[in-house]
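Asks: Join these two chains into a complex; the hints should help.
Going down the list, the protein sequences come from chains H and B. For what it's worth, the working numbering labels the leading residue of the first sequence as 1, then goes sequentially. For what it's worth, the working numbering labels the leading residue of the second sequence as 1001, then goes sequentially.
There could be a bad hint or two in this list.
Within a straight-line C-alpha distance of at most 27 Å, the following computed DSS-like cross-link-like pairs (lysine-lysine) qualify [claimed, not checked]: (1) B/Lys1409 x H/Lys206; (2) B/Lys1014 x B/Lys1474; (3) B/Lys1409 x H/Lys183; (4) H/Lys389 x H/Lys606; (5) B/Lys1372 x H/Lys389; (6) B/Lys1005 x H/Lys347; (7) B/Lys1080 x B/Lys1030.
With the C-beta cut set under 10 Å, the calculated list includes, among others, these residues of chain H facing chain B [as the list claims (entries may be wrong)]: (8) Gln356; (9) Gln367; (10) Gln409.
Please keep in mind that the hints were generated in silico from the structure rather than gathered at the bench. Built from N, CA and C at the ideal position, the CB exists for glycine as well.
If you want the building blocks of each chain, they are given just below.
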Amino acid sequence: MVEHGDIRVVHRGGIARYCRFLCERGIFCCCRFLLCGSGYEVKVFSTSTEECIHDLRAHTDLVTGVLLRPSNHLQAYSCSTDGTVRLWDYTDVCNRLMFAMMCVFAEFQLVAVHLPQSGDQLVEAREFSAVLSDVSSNPAATSFGRGGEYIASAKGLQLEVYFFKKQKPYRFFLKEDNKKGGKNTFTCLACHPKDDCIATGHEDGKIRLWRNFNHKKEYTYTTLHWHHSAVSSLCFTPEGTNLLSGGIESVLVQWRYNQESQRDFLPRLGAAITHIAVSPDGALFCTSHSDNKITIIRSSIQVSAVIQGLVKGDSVRTDLMVDPRSKALVLNGKPGHLQFYSLQRDKLLYNLDIVQQEYIHQSGLEQFEVVKAAFDAYGNWLATVEERKQKPTELELNLKLWAFDEQTQSFMLNTTISAPHEARITAMCFCHSTDSQTTVLVSVSKDGHFKAWQLAPATHTEGPSWSCDFVGAYHSLVPECCCFSADGSLLAVSFQEVVTVWSPASWELLTTLSQPPGAIRNLCFGQLTCSKYLLGTTDKNLLCCWNLLTCSLEWSTSMDVSLLLSDPFSENMAAFCCQAGCTDLFVFKPSEPRPLFSHKAVCLGKVTRAVFAPREKMLESCEETSQWLNHSQLYFVTQYMVNTQHNELVISDSVAMTPFSVLLGKRSQQEGQEAASSLLAERTQLPQGSAAVRELLQTPAHVLPSTSFLCSMFVESLLISKQIKRKEKKAAQYTTTSLWLNNTLCPKLSRQKPSLYCPTPILHD
Amino acid sequence: MASFKPTKIPIYPKLGEKVTQDTVYWKNYKAPVQIKEFGAVTNIHFSPVAPHNYAVTAFTRIHIYGPFSQEPVKSFTRFKDTAYCGRYRSDGQLLVAGCEDSVVRLFDVSGKVALRMFKGHTKAVHVTDFTSERYHIFTGSDDYTCRLWDIPNATELNTYQEHTDYIRCGVTSKLNRDLFITGSYDHTLKLFDARVDKSVITMDHGQPVESVLLYPSEGLVVSAGGRYVKVWDLLKGGQPLVSLKNHHKTVTSLCLSSNGQRLLSASLDRHVKVYNTTNFRVVHNFDYAASVLSLALAPDDESIIVGMTNGVLSIKHRKSPEESKEVSHQQRRRPSYRVFVKGKNYMPKQDDYLVSKPVREYLTKYDKHLKKFNISKALDSALQAGNRQRKPEVTVAVIKELDRRGTLKNALAGRDEKALSELLHFITKNMVDFRFAPVLVPAANMILDIYRSVIGQSPVVDRQLLYLQDLLQKEINYQQELLDVLGMLDTLFASSVPRKELLCSSSSRTNGLAQGETASTARPELQAT
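Chain B with its partners taken away, still in its complex shape (with noise of 0.2 Å):
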């Protein structure tokens, strides 16, 4: 007649954040590869061409990795002091940076020594970039000021005076061969054109701005500065769009995903951060070990690259699509299409008579068990699969059907030590949790009248026993304090809603659910005590 029915497994919605569609993409990582540097890695700028090696500027030198080299393929180490901001010109062929001397230099990817120096600023040149059109050099320095020099001749062709403070950052626009927008300490964002002698635009951030990123429409550019990443449209005139405030510490550095859907930051806080570009939400979140000063996205998304304060480059490697599918499917192989199909192909014919098998049931070993009431057996077996499987819920669903059979006590009862404590190490390891303790706490409290007889006959059984006790008490301590956060939470909400007459609701609501999550969970520690 019916078959029986196997114990049923209750899923558990898993905890924690959502698995989404990003969380999916930018997880989707291989560890990193960590590179030491000699000192702080300050900037870190891609080759637009193939095969985008990047360079890495840190302390007095500037490195250049290939794509999945673990060391430099070319280092340039003739500066005086520390260097600043090395960025490849977009041909990739020239390669700038700054330098805490004053001097710019112009450097040819395939020699050593600089093929230009630029000097006139006066001191430490944090920001270089070359402009669209190639041949121009725009530096913004210690001195306040930014010029424009020209590099076939290393003349100056223009210098703007406008900030009052240190230039810590800039961008030159990759459509436009005369703009370029500085970011300043003095809490300001200029838009420059080489045309006219001043600024056009001027943004003000509000904090000292330390990074600073055009949309590759340049329609948007968004600052960094302080905690708040803001996005400015350029197109209104530099009117504020968003102010983001997701860092707790400075935000040190931006950059954009290859299309352009997903904002990075990095900040002094260790973290990085990914928004959504419609609706500037934080959609993932990468740790790093130390405070991040400067980010790079490859092209393609295909690494992220860190550079931290510690003078650690951590380089994350996109993975392949073989090897993302092979941790979805990391158990044994299945066998091939081959045997499933087998013999399924096969067309009836007409005067054929369908056989039909009968569907073999496949009972686990604690439902076999189960199905012949040998319950000591299959809370063994069960205690085994859960373990095995690091399924808890597995063992809690059978010691939860002995307990409906009404047989657990039966089952608890008549071990040796052996198999006793590796219940009880069962039952210690999961009954804090809140999933799964009203069914452990009633079976912890059976074992411990049957086997209150035997107490101080066995050392492990007396240890583990003591675990238990120690670990309840501190399970109490930790719902006392969560019931008083509760109070004063519920002294906030109370303060913090307006008297209205029929708002009862709305204000039960809150009450409702949070009473009901830790009553569910402190009150069977209570009754174990």
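In isolation and in its complexed conformation, chain H is listed as follows (with noise of 0.2 Å):
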């Protein structure tokens, strides 16, 4: 029965589900939590102020589903990747390890587990009967009926329904195509609670609700069609009386049961629907969608509360950016609108619309996406630059300009500019200039030309607008990349393999540099004392460094950098490199050869976009390596995800104040971490605690809160967590939090699942 070899979770029960992201799929507690799951922790949500009470933690994989036990409603199981399900009473974040099980397969099965009674934490589960074989891995497509009589599960074309007291499944299948071309696969089923109903959602959106099932032959069925695209998911309401359906079109449907015809609409929920589910007592509905969301829904199908994490767009077409307002880490968002993260706060702050179009949930449209997206040195101003493309020949391009208006503190749109450019715009940047009289923006575009936008002044009719200034070309050659030098007073553009320094102010070439052969990829200015550098590199695997005041080549070395940026609050310059899969990271001061830091193998795959963001509080770190990152934290993002990348061992080599903030502080940076680290963190964690008993004994008593708080903290930081050893090796010192942003930017990634994959089935100690 059992396989060994690759191990796999199978989801149990009605509810299974299959988390990655933030927050993926919710389900009810009671009217006044929200479980679920998200990364490797279940999250407590409360219903009401959308905060999150309770990280459970203790899975040390991925968390694929949650569900409520019948039998206490203030417990709720959860399974993982790891091969555990657990038991949590989530009021007062106790983790009760109930069992591992040790059951899986290479085709998906559904297996019962008959649940030990046991007192121990930790239970293996050795006692399985295999029930479906070959069931959908979509964890929507398989219910409990009522009273748990019976279970339904459907693949493809099949429906299963098996009966537990006459242990006998009935199969029904449907044709492949009906006459009109719809696709009759099916997608998800729900229950009904009360009756012996089967609602299913099939690919064409259609919804039948199978009755008689018991029979072989005599089963019928009704359909119900609203849904232009497959139905994503279906549930139905504690007392049966509404079906909830969702999908694509992110419009939730909830049908009366039995009164098919009278629907009930929620419009414009955002994206698509990727699960529903209803509290216990009927009055609360919640979805989950596919942009990292869940709304909760009151009954009477209004919105009562949204709550939103990092949202997760297609991709990062924009380039990561920080708003010199917020410090807010900027990037796309929702389809057409620009979201600002907080990143101190870890919190999203506001999405802003830029495209202005009611979206149309339909798949295969092309919609307008913001590709490009660039703000000012004071965040006073941001252009975006929005772009479709329905044939190939045509291309819908608009450049915006929106200003930051201190009223209402967020941008308004100024200016729109339809067609800016007659091909794509492939960089655009501000200038930096000190003096805020002339705000020039430069855009480089395909067509072989680069035009700098300025602002005229306000006219008597209307306020101040931007126009073109200038429109530039160098010997019809296509331009790649612009960039401002810290002052402003130089502009480079790169047209290939030529570099073109231009004056601003008067629109005069100035000069022009060049390394062939290769074309110029990236560009960048040095910042502050290194402003006379000009770096470039190009895709012939060279990185050069022009001295602007002789216009001479300073130095120039051999490495295949796939990204360039500087940093605007120090000298310093990161460049990551691409080498077998894998990106290592550079960082170096244009005025010296030798790199100040380096490290290999920052993480799998090609870093696309970076920035560096400001710290809110500077660090004083006197280590040479970690040095650089005493004004900034280096965010990129690779293929796959957006990493962090900041030293938090410097951190804690900071001084502390007293023991207390000692043994808080370090508790606290303990808990931040959640990809936590490391064995060389363990290791200073010794001389920390050390320092902290020191300083214990030498602090007066009245300064210290009482010896019963403090006890089994100082205890606890003698100890060597457990936790942290399992830690892979991989996350090494720097990685501390990475969101999960991301995945169908790579269907490498999604088809390979790695996270599927436990190598060992670890939790056999």
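Replies: Laid out in structure tokens, this is it:
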């Protein structure tokens, strides 16, 4: 029965689920709490305040499903790809590890596990009985029927119902295509809680209600059709009076049971609905969406709360940016929006609607996408480029300039320039001049021109608006990237192999620099004291540094730099080199030939975007390798995810004021480290602890908190955590938080599904 | 959740001249009143005293018009031949006029018969004026002389014989009793001082001088002759200050606005131009039906009066403040202010609980249809809305939105004859507009594809399709001509720009701009064929 080999967790029960992102699927515990699996943990949200109340952590891999315990509504099961199912008292965050499921199979099978009645924390479940073989890997396609009498599962074109009493499965088949060409493939199903009725959702948007399915021949079904694309989730309310359905249209449809012509709609939920759950008393619904969002909806079909993580878009087409005002990370969010994500508070601030069009949720429709964005130095202006490519010949481009409005504290549309260029815009940057009198935006396009846009003063009828000031070209070569020097006195535009340097004051071509062979890939001016240097990388594996005072090549080195960026708060530059599937990071100063810091294999895959974000508080580290992170943090996106790169060890070296803060600070840091670090962290912990002990003994007792409060923490700080040991070394000392952003971006990853594999049955100890 | 986002109607930049303060000011006149005189109107002069009647010299008469009268309040007809240059004295009591018969006549504005006749000139007198101390008259004649006369005893005081051609214009100083300036067809302007026997300053205009004007400060003098208007600085001894060449025919008359900030010049090319007197740029332009001979502005710029060669006197009155306001708010009356503040000024008391009323969103008809995915109806109502409001951009925006939704073809299909001809009418009307062409050309292609099978069944639709074909052919020819012109211009630019090492940027700039404009308009037309 049990095949050894690759170990996977198979979902149990009706609400088995599969979780990848910050919050993917939720279930209600009661009206007050919402549980959802999120990465390696289960989060408990308050339905009224949208705040995360508890993080339930113990799983060592992705949590794939959460289920309320039917016998005790204060407990919940969670299952994970680490091979365990855990039972939680979610109100007091107590983890009662129940049993390890050692079950699992090459094909997806549905098994019944007998819960061992044992008081132990860790139990290994050994009694399995396979119920159904060859079930769909999608947990939404399996559900328990009325009172647990039967279980229904759908895969492909087959619906299978297994009656526990009769121990007998019934199978029903549909034809592949109906006459009208709709696809009949099952996508999801739900069983009526009080009635013998199974609702199934189909690829062509139909919902079928099956009845009489305990007979082989006399089964019937009725068809409901509203959705135009596949139904992705179905759910009955607890009393069975309503059926909820959702799909890519992002409309929640409520069907009255037995009066199916009466429907209620909740449109424009923002993104495709992936899952629907209903609270046990039926007062609240919740929908989880493909853009990493949970919407909580009252039973009167009104939205009551929205829990939003980092919005997962299709891809990060804009660069990563930092808003100079709010210090928020800015990148693509919802389709046609830019999201402002506060890194300090780890919270989405707001979405800025760039496209300002009704989003039509329909597959195969070309939408406007925000492809470029740029802030000026003070955050007063935001420039965005949106494009829509319907046919290869037709490209719709819009350049929009947004002014920051002090009153509403958000960006207001100032100017729209339709078709600013004839071809795709490849780069765009604002002039970082110190005087804010003249703001210049330069856009570089594949049509062979770069254009400078300038803010024209207000006339008496209308306010200030942007207009084209200069159109530049160089020998009909195609420009690729542009960069302003730190003081805004020079503009460098790369035309294939040639870097041209222009004066923005007079738009004169000052000089040209070139280092053939190889077209320029990245261009970057040095900052602060190194502002006389211009750095460029070519696609023939060359990193060049030109001195602009002498207009000559200062140095060059051979390395395959995929991304080069400068830290605006220090002289440092970061270069990401892609080698053999891994990316190495080098940090250097343009004036020095020796790198300040290098790290091999920072991450897998190619780094596509990166940004230096300023720190709230400057660090005072004197360690040479970590000094470069004193002012800022480095965030980067690989093809797979957003990573943040900053040295957490440096923080713990910083001076602690009291032993109390040493202890508490240490503790909070550990909590903060989600992917919590490394052997190295563990080693440094001991001297830290002893320093804490020393200081604890030296500090007068009246300034310390009570002994009972300190004791457990004190003891804990001396222990070597079991959990840390288990971590992979790969995470190393630098990774701290990894926000999983995106897997649709990388079909490779989702095909491999690395997270679904656990190499060893790790919970055997 | 998020509400429906209505279709965004793009705001297109207004083409043509920019609206400036000057345009607003000089456009604020009513439609002109036209009065037919007996011959060409050679001179118009405003009485310096209220109610500011004006004397219009035309053919053998001088008519006096009141500020708002359309009929002359008085006319002087006792001229033997063509009268010239009827001018008021500074107290508005006396009027002097020259005549073709070389006699200068002085009238009382209330009488009919000439009070005095000044005889002495041998040829037609084209210039007459009172000096600032009011008892002398200065005249200029075709006998190349200008003379000073004493009014009380009608005697000649002085004769100046310095000009070598007809004297056709002149003006006396308002501040100095002894100074006057004449302009002659011998291309010169001369400043005379009655205390000495000859001219003090001579300025060479270079063309026969048609009109001369003194600034109120009398430091500058403006002369018009040929196509040029020139400004001279008298304080620097007649040094030329500016030369303006904005007309393409002879400039005939000059005039200053009441505040002295704007200079107006009238010309035979049927234009009146307004200059800014600080930078001498043209800030506004009036067009008239015939060549303009004379021009006058009422005090406070209350009216612009222009006399033309065809004998028409055109009077434009300034709009009163209420009238000009009416134009800007020509739409229907809005509810009064009271309606809007109703209940808003209520201050909540301390324990009051504020219940916020949800703001009701108003959607236009086509947006309501779009919200419900009724695409054909949305297109219909957009066509109606665009036509009714004369805003084709509304309809075009809806067509674009339908295209973005991928349902334009469905919306265009399934129309009967009437609906189709309405749609075709809109498309033929707006397709050649370069702002709408990128949207309408694919739509027209789709219509042709959809209705190809029914061509020939309806004469109305067939006629429109033929018209569309004709229109496209015209547009293609037009674009070809434009490209020709562009090529010529490029050749000119290339030859005029001296070759320098790094100057490629500036020349490519003009190329890039011009090509960009034509290419964007030219391409869709070519596709449509």
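Asks: Lysine 1409 of chain B and lysine 183 of chain H: Cα distance at most 27 Å?
Replies: Holds, at roughly 25 Å.
Asks: Decide if the proposed pair is consistent with the structure: lysine 1005 of chain B and lysine 347 of chain H, CA atoms, cutoff 27 Å inclusive.
Replies: 26 Å, holds
Asks: Would you check whether glutamine 367 of chain H satisfies its interface hint, that is, whether its CB is within less than 10 Å of any CB in chain B?
Replies: For glutamine 367 of chain H, the interface hint holds, since the closest Cβ of chain B sits about 8 Å away, which is under 10 Å.
Asks: Against the 27 Å threshold, does the CA-CA distance of lysine 389 of chain H and lysine 606 of chain H hold or violate the hint?
Replies: Status holds; Cα separation ~26 Å.
Asks: Is the hint on glutamine 356 of chain H kept, meaning its closest Cβ partner in chain B is under 10 Å away?
Replies: At about 6 Å, which falls below the 10 Å cut-off, the nearest Cβ of chain B leaves the hint on glutamine 356 of chain H intact, so it holds.
Asks: Sort out whether lysine 1474 of chain B lies within 27 Å of lysine 1014 of chain B, counting only the CA atoms.
Replies: Between lysine 1014 of chain B and lysine 1474 of chain B the Cα gap is close to 25 Å, so the pair holds against 27 Å.
Asks: Between the alpha carbons of lysine 1372 of chain B and lysine 389 of chain H, is the straight-line distance 27 Å or under?
Replies: 26 Å, holds
Asks: Below or equal to 27 Å on CA atoms is what counts here, so check lysine 1080 of chain B against lysine 1030 of chain B.
Replies: Violated, at roughly 37 Å.
Asks: Hinted pair, alpha-carbon criterion (27 Å max): lysine 1409 of chain B, lysine 206 of chain H. Please report holds or violated.
Replies: Distance of about 26 Å is within 27 Å: holds.
Asks: Identify whether the interface hint at glutamine 409 of chain H stands, where standing means a beta carbon of chain B within less than 10 Å of its own.
Replies: 20 Å, violated
Hint check: violations occur at hints 7, 10; the rest are consistent with the structure.
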